[in-house]
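If you're matching them up, the sequences are chains A and B in order.
Numbered per the working numbering, the first sequence spans residues 4 to 316.
Numbered per the working numbering, the second sequence spans residues 4 to 316.
Just so you know, same-sequence chains aren't split out, so a pair can sit in one copy or run between any two.
Below 30 Å or equal to it, Euclidean Cα-Cα: the simulated BS3-like pairs (lysine-lysine) are: (1) Lys-245 - Lys-24; (2) Lys-245 - Lys-303; (3) Lys-198 - Lys-209; (4) Lys-245 - Lys-234; (5) Lys-196 - Lys-209; (6) Lys-234 - Lys-196; (7) Lys-198 - Lys-156; (8) Lys-133 - Lys-209; (9) Lys-234 - Lys-209; (10) Lys-156 - Lys-196; (11) Lys-133 - Lys-196; (12) Lys-133 - Lys-156; (13) Lys-31 - Lys-303; (14) Lys-234 - Lys-216; (15) Lys-31 - Lys-12; (16) Lys-297 - Lys-12; (17) Lys-245 - Lys-196; (18) Lys-31 - Lys-77; (19) Lys-198 - Lys-245; (20) Lys-234 - Lys-187.
Simulated from the structure, these hints should not be mistaken for laboratory data.
Computed from a predicted model, the values in this text were never measured in an experiment.
Number of protein chains: 2
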Amino acid sequence: MRAIEIQEKLTLTEVPTPELKDGEVLVKVHAAGVNRGDVLQAAGHYPPPPGASEIMGLECAGEIADPGTTSREKGEKVACLLAGGGYAEFVAVPEGQLLSIPEGWTTTEAAAIVEVACTVHSNMQLAGLKQSNTLLIHGGAGGIGTFAIQYAKALGCTVAVTAGSAEKLATCQELGADILINYKEEDFAEVMKNKCDVILDIMGAKYLDQNVKALAMDGHLVIIGMQGGVKGELNIGRLLTKRGSISATALRARDLADKARIVRDTEATVWPLLNDGQIKHHLSTTLPLAEAEKAHQLLKEGAVTGKIILTVA
Amino acid sequence: MRAIEIQEKLTLTEVPTPELKDGEVLVKVHAAGVNRGDVLQAAGHYPPPPGASEIMGLECAGEIADPGTTSREKGEKVACLLAGGGYAEFVAVPEGQLLSIPEGWTTTEAAAIVEVACTVHSNMQLAGLKQSNTLLIHGGAGGIGTFAIQYAKALGCTVAVTAGSAEKLATCQELGADILINYKEEDFAEVMKNKCDVILDIMGAKYLDQNVKALAMDGHLVIIGMQGGVKGELNIGRLLTKRGSISATALRARDLADKARIVRDTEATVWPLLNDGQIKHHLSTTLPLAEAEKAHQLLKEGAVTGKIILTVA
Chain A
4 MRAIEIQEKL
14 TLTEVPTPEL
24 KDGEVLVKVH
34 AAGVNRGDVL
44 QAAGHYPPPP
54 GASEIMGLEC
64 AGEIADPGTT
74 SREKGEKVAC
84 LLAGGGYAEF
94 VAVPEGQLLS
104 IPEGWTTTEA
114 AAIVEVACTV
124 HSNMQLAGLK
134 QSNTLLIHGG
144 AGGIGTFAIQ
154 YAKALGCTVA
164 VTAGSAEKLA
174 TCQELGADIL
184 INYKEEDFAE
194 VMKNKCDVIL
204 DIMGAKYLDQ
214 NVKALAMDGH
224 LVIIGMQGGV
234 KGELNIGRLL
244 TKRGSISATA
254 LRARDLADKA
264 RIVRDTEATV
274 WPLLNDGQIK
284 HHLSTTLPLA
294 EAEKAHQLLK
304 EGAVTGKIIL
314 TVA
Chain B
4 MRAIEIQEKL
14 TLTEVPTPEL
24 KDGEVLVKVH
34 AAGVNRGDVL
44 QAAGHYPPPP
54 GASEIMGLEC
64 AGEIADPGTT
74 SREKGEKVAC
84 LLAGGGYAEF
94 VAVPEGQLLS
104 IPEGWTTTEA
114 AAIVEVACTV
124 HSNMQLAGLK
134 QSNTLLIHGG
144 AGGIGTFAIQ
154 YAKALGCTVA
164 VTAGSAEKLA
174 TCQELGADIL
184 INYKEEDFAE
194 VMKNKCDVIL
204 DIMGAKYLDQ
214 NVKALAMDGH
224 LVIIGMQGGV
234 KGELNIGRLL
244 TKRGSISATA
254 LRARDLADKA
264 RIVRDTEATV
274 WPLLNDGQIK
284 HHLSTTLPLA
294 EAEKAHQLLK
304 EGAVTGKIIL
314 TVA
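Here chain A stands alone, though its shape is the one from the complex:
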């Protein structure tokens, strides 16, 4: 089969079709989501966990080509959370990481929602986000952000977002964001000082001190990306005054049981909101699998809002 491998440039090439382990199904990929983790992996900074495919791609949707030892049916349409392997014509997926296609959604649309839904839902559970809370989302116009805004609004939260342009902030507002902060013009820590019950952060070190300033009493900062660096000064005194918490998490390295638990819980909680239209996908750009290099360039340039999807003929 053909799959994208990391070469000087991302190139569509011929590789062996994956062999199934017990409990895995072979999925014929229709569409694969592009994530920042893929860009890090292409740069050599985010190797796959032991045993996972060396091919990039953390989510996809398609149909079951071989149910293996499971009781699934050939031809069943599925969305998949992956430890890797989505940038290809076929991928082996543990059964616990399969989700249904939301009602009325195409496989291309479904491929745009799996990773963000599982990431946001599991982290907001960890942080204990609840109705009437104030949530600050950094990078509100990105894949994570566009989903998280709708998720938090469906839960009854006040949502603040940061983004780098008026156009991106307008997108956030359309999705329901209440407080719009252009980080190039305003200090979000001043605007949101002591107000945030939960912060969903992708910047890491660069925003650490400001994020702690923005936390409310008993607030929880959840760091899921480090685009602003890895090491930062933590003011423990300020954190203690607020009885604050900081968690840093990632989905990819979780074990099979943990991923299966998150997938089941996300499907039970989030999928009804997709089915009834309370949360919509925010699919910005669709490119053929062969143009993975271009997709990564778009993501690196920050030129898109929402998700980029690779489609497989």
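Dock chain B against chain A, hints included.
Frame of chain A; chain B shown alone:
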């Protein structure tokens, strides 16, 4: 009445007896626990929360002298969690912060257990400590430490402690600690690398990086003291690799409802372990109230293991 006020030196002096607010009882103090927060307050670094007594003292035990608007009975023996005011002959206490005296315990012994029990129990709940976990306790021979060792052993945990002398480590071992680390001779982060499900820390900045190294996957660092400084470098990358969490908390500034919840929960969970002898007090030194200055000197010098209690004639 007489009470301890902060002067050049801590001095027993005459002040008005507290007036009761609705829902408070007046307690005649038999014994008051000495805590590091009192030492900080005496140095001007830990002002009482708004509305609380200016007098030091975060815990005491004694008998109800005036039940106020509550249905308590005059003469009832009680232990009390306080926002302040324990270093005195009388203290006004919200009813929600009263606990019973453990069976067979004197009021002096009971005064030695309230603050550590509420602090340790509420923080271990926050961190999700459970059976078979490994808990690292810094300052294992102190008031918090001597209680936390017994608490975690009762729960079925493996307990590691740090302390600064062989004598203190022997005390920890007698209380049940499994892994003994003299921080003057060994790097605890090397000994406990990737092993700690939960860490109970009183050092703050000085230990931050080592604590993160010592965390296991999904580990939780809880900081309740900053004897090693307020600002430290946080390696977010390392924390994220472990999906780790850091919380910094304090009991004193919690609101009445929150304190009442913690007190009720601590009494329900911990008091049975005190009643049946699974957890013993570790009362090191008893001094008359008039010698509060000496008590603070002993605590500052690190010269004692366990708790120091002031008794009121």
